[in-house]
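Colleague: Take the sequences, apply the hints, and build the full model.
Its first residue numbered 105, the sequence shown is counted upward by one per residue in our numbering.
If you are wondering where the hints come from, they were derived from the structure by calculation, not from laboratory data. Small disclaimer: the values here were computed from a predicted structure and weren't measured. We put the CB at the ideal spot given by N, CA and C, even for glycine. It is possible that some hints are incorrect.
[As the list claims (entries may be wrong)] Just the calculated beta-carbon pair ranges, DEER-fashion:
1) R184 - I218: 14 to 20 Å
2) F157 - I218: 25 to 31 Å
3) L214 - L165: 24 to 30 Å
4) N187 - G163: 16 to 22 Å
5) S176 - P229: 19 to 25 Å
6) R184 - F232: 18 to 24 Å
7) I233 - N187: 39 to 45 Å
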Amino acid sequence: MTDHQPKRREDEAEFSEEQSSLLKITMAPTLWAAHFVVCYALVAVTCAKGWDFPTVRAGLLVFSCLVVGGISLIGWRAWRQWNVSETGDFINRRGRAEDRHHFLGHAAFLLSVISVIGAIFVTLPLVFIGGCQ
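Modeller: Listed below in structure tokens is the structure:
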């Protein structure tokens, strides 16, 4: 039995798919980190400058909803890439290109879950704290 050597176009197509997968892995934690920085920095500046806190809080709550929605969309796309509902394979041990593709979807999905939880926890002080003291 001879091994199939991938052609250049097959390699380029596989690399393109995996590049998209790697972008999915990094986008959810990046959105979470940016959300964290924006929320805490804007609240600190609002309190230091004496800006209208309820207006800033309302804007940050809308921003937080958009971030959670964006991370959820990334998670949904990663879930579809993982494809566990059709394959039933949670682990992907074989090491084929398809298994690597599914694993990257699995990793991106789990990072999205963590990022949504983190973004919600960053948003909780906006909901429970009444203003600057």
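Colleague: Look at each hint and say if it fits the structure.
Modeller: So, going through the hints one by one against the coordinates:
no. : hint                    : result
1   : R184 - I218: 14 to 20 Å : 19 Å, holds
2   : F157 - I218: 25 to 31 Å : 29 Å, holds
3   : L214 - L165: 24 to 30 Å : 26 Å, holds
4   : N187 - G163: 16 to 22 Å : 38 Å, violated
5   : S176 - P229: 19 to 25 Å : 21 Å, holds
6   : R184 - F232: 18 to 24 Å : 35 Å, violated
7   : I233 - N187: 39 to 45 Å : 42 Å, holds
Going down the numbered hints, you'll see the structure goes against 4 and 6, while the others check out.
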